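Fit chain B to the known structure of chain A by using the hints.
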Amino acid sequence: VRLALLLLCVGCAGSGEPMPPGTCDEASAGAAGDLVEGALSIGTGSGDDFRPLGATIELVLGSQGGWMVTPTLEVDLSAMATDGDCVRIDVSVDLGDGQQLPYVAILSELVGERWTSEPLQLFLSYDLAAVEGRTANLSASLEDDDVVATAEATAILTNQD
Amino acid sequence: MVPTMHDRQEPVRRALTAILVLAIPALARATPITLEAPLVLEAGQVAVATQGSLVWAPDGPAPEGADEQIVGAALAVMVGALPRTTLAATVPFADKRSSIQVPGGEREERHARGIGDATFTAAVAAVPGAVVPFVGVKAPTGSSDQADSLGRFPQRFQVGTGAWDATAGVLFSRCSPLIDLDAALSYSLGGTAHDFDAGDEVRGELSARRRLAGPLVGALETRIAWRQADGGALAPAESGGATWTVAPGLQGRLGRHTIEAAVEIPLVQPVDRHVSAVARVGYRVLFEGGA
Chain A
208 VRLALLLLCV GCAGSGEPMP PGTCDEASAG AAGDLVEGAL SIGTGSGDDF
258 RPLGATIELV LGSQGGWMVT PTLEVDLSAM ATDGDCVRID VSVDLGDGQQ
308 LPYVAILSEL VGERWTSEPL QLFLSYDLAA VEGRTANLSA SLEDDDVVAT
358 AEATAILTNQ D
Chain B
121 MVPTMHDRQE PVRRALTAIL VLAIPALARA TPITLEAPLV LEAGQVAVAT
171 QGSLVWAPDG PAPEGADEQI VGAALAVMVG ALPRTTLAAT VPFADKRSSI
221 QVPGGEREER HARGIGDATF TAAVAAVPGA VVPFVGVKAP TGSSDQADSL
271 GRFPQRFQVG TGAWDATAGV LFSRCSPLID LDAALSYSLG GTAHDFDAGD
321 EVRGELSARR RLAGPLVGAL ETRIAWRQAD GGALAPAESG GATWTVAPGL
371 QGRLGRHTIE AAVEIPLVQP VDRHVSAVAR VGYRVLFEGG A
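From first to last, the protein sequence lines are chains A and B. Residues 208 to 368 in this note's numbering are what the first sequence lists, from first letter to last. Residues 121 to 411 in this note's numbering are what the second sequence lists, from first letter to last.
The shape of chain A in the complex, shown without the other chains (with noise of 0.2 Å):
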């Protein structure tokens, strides 16, 4: 079984708020850029409490039964080297078979110069035993005028207590 996950709902944290309908329509063109190497990391927790994803990632169940994983986005604003508006972010999880959901969110405005996100909730499952134990691949991309980063981790899916 492979699932890719859908980033149901991406938080912002600082001001990088989800835009309103029209006003960021050149960032949903997902246009290649130029690659920024090392400008995001995937990973767990926000500001000063940010660390790369390390060979795990807890379970969380959400209050209606479902399972999902809440990685968060660190982005070093200062190697992007960009104004940080109107920025397009995909997220996707892949548990193997290929199928890919991606989510995309266009945010308004990040500033500092490392932003990172409030915890995503990328949805997996109704089925604890469908993914718990499972390696999910998690990738995520980050356009912002003409330039591109892009992060990957790998960790197994846990439930702890």
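FYI, nobody ran anything at the bench for these hints, they're computed from the structure. From a predicted model like this one, the values you see are computed outputs, not experimental measurements. Positions of the beta carbon are idealized from the N, C-alpha and C atoms, including for glycine. Don't take each hint at face value.
Stated by the list, open to error - Okay, the calculated bits of chain A under chain B, using three or more residues with CB under 8 Å as the criterion: (1) 269–282; (2) 327–337.
To be verified - Some chain B residues well away from chain A (every beta-carbon gap over 12 Å; in silico): (3) 199; (4) 215; (5) 223; (6) 233; (7) 248; (8) 253; (9) 257; (10) 270; (11) 284; (12) 286; (13) 297; (14) 370; (15) 374; (16) 388; (17) 399; (18) 403.
Frame of chain A, contents of chain B only:
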């Protein structure tokens, strides 16, 4: 009224607890509609009550975004078994339907239905008509491990809990020509089953009732509760917190028959709940039993 337990069984509990409020000695005055504390019957009296409920809970939190409706029914039998002591048993039934979002963005339906957990209650009129301590226990008689093609239902969606729960509390009553008042304080101890440790809950409830015309009584009731977060490997990441509801209602009595209706509106509720309103309709009848 019936001391049932915690919010994972909320709709069923409210349905069955509400039926147990029988104001007898009692039938001489109006009775609370939604309070969870039972009142006492006189020795030899028997009462049978039923209540239907409809819970409307749309627009649940992400990622599931559940639109949920619960149709509940409950049957209660109360017996004035001893002087000042009333014993009660309540059995609920629930039909739960939920439209939820699945990974990928489509929506699917989930459906749980069946008999829930039975509740057994004892209430003693320590000061007749004024102070009534009560205790209750909920037995895991309902199905608590149902699943569908998506997987096992979350514990709150099951019709039963699989756990033994206990409740204790006290009801204070005061009657006057203008208004009848009942206030209850209670504490429910949540049990553990299926890697799910239900949070305890403390409640304060108030019911004020006034005769409107003939046998018709108007009621305004409120509940303030705080529930501990659920624990265990199958507990949601976020649960528990404060609840504040208000419930206007009407009650009518014709001889030994009582009908009542109320609408509970949550003003504050925990992050894992998204109830918009609960409608209740109840009927009960009192038998003197030759006492």
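Status of each hint after checking the structure:
{"no.": "1", "hint": "269–282", "in the structure": "holds (count 6)"}
{"no.": "2", "hint": "327–337", "in the structure": "holds (count 9)"}
{"no.": "3", "hint": "199", "in the structure": "holds, 39 Å"}
{"no.": "4", "hint": "215", "in the structure": "holds, 17 Å"}
{"no.": "5", "hint": "223", "in the structure": "violated, 5 Å"}
{"no.": "6", "hint": "233", "in the structure": "holds, 17 Å"}
{"no.": "7", "hint": "248", "in the structure": "holds, 43 Å"}
{"no.": "8", "hint": "253", "in the structure": "holds, 34 Å"}
{"no.": "9", "hint": "257", "in the structure": "holds, 27 Å"}
{"no.": "10", "hint": "270", "in the structure": "violated, 4 Å"}
{"no.": "11", "hint": "284", "in the structure": "holds, 21 Å"}
{"no.": "12", "hint": "286", "in the structure": "holds, 24 Å"}
{"no.": "13", "hint": "297", "in the structure": "holds, 47 Å"}
{"no.": "14", "hint": "370", "in the structure": "holds, 33 Å"}
{"no.": "15", "hint": "374", "in the structure": "holds, 42 Å"}
{"no.": "16", "hint": "388", "in the structure": "holds, 16 Å"}
{"no.": "17", "hint": "399", "in the structure": "holds, 22 Å"}
{"no.": "18", "hint": "403", "in the structure": "holds, 33 Å"}
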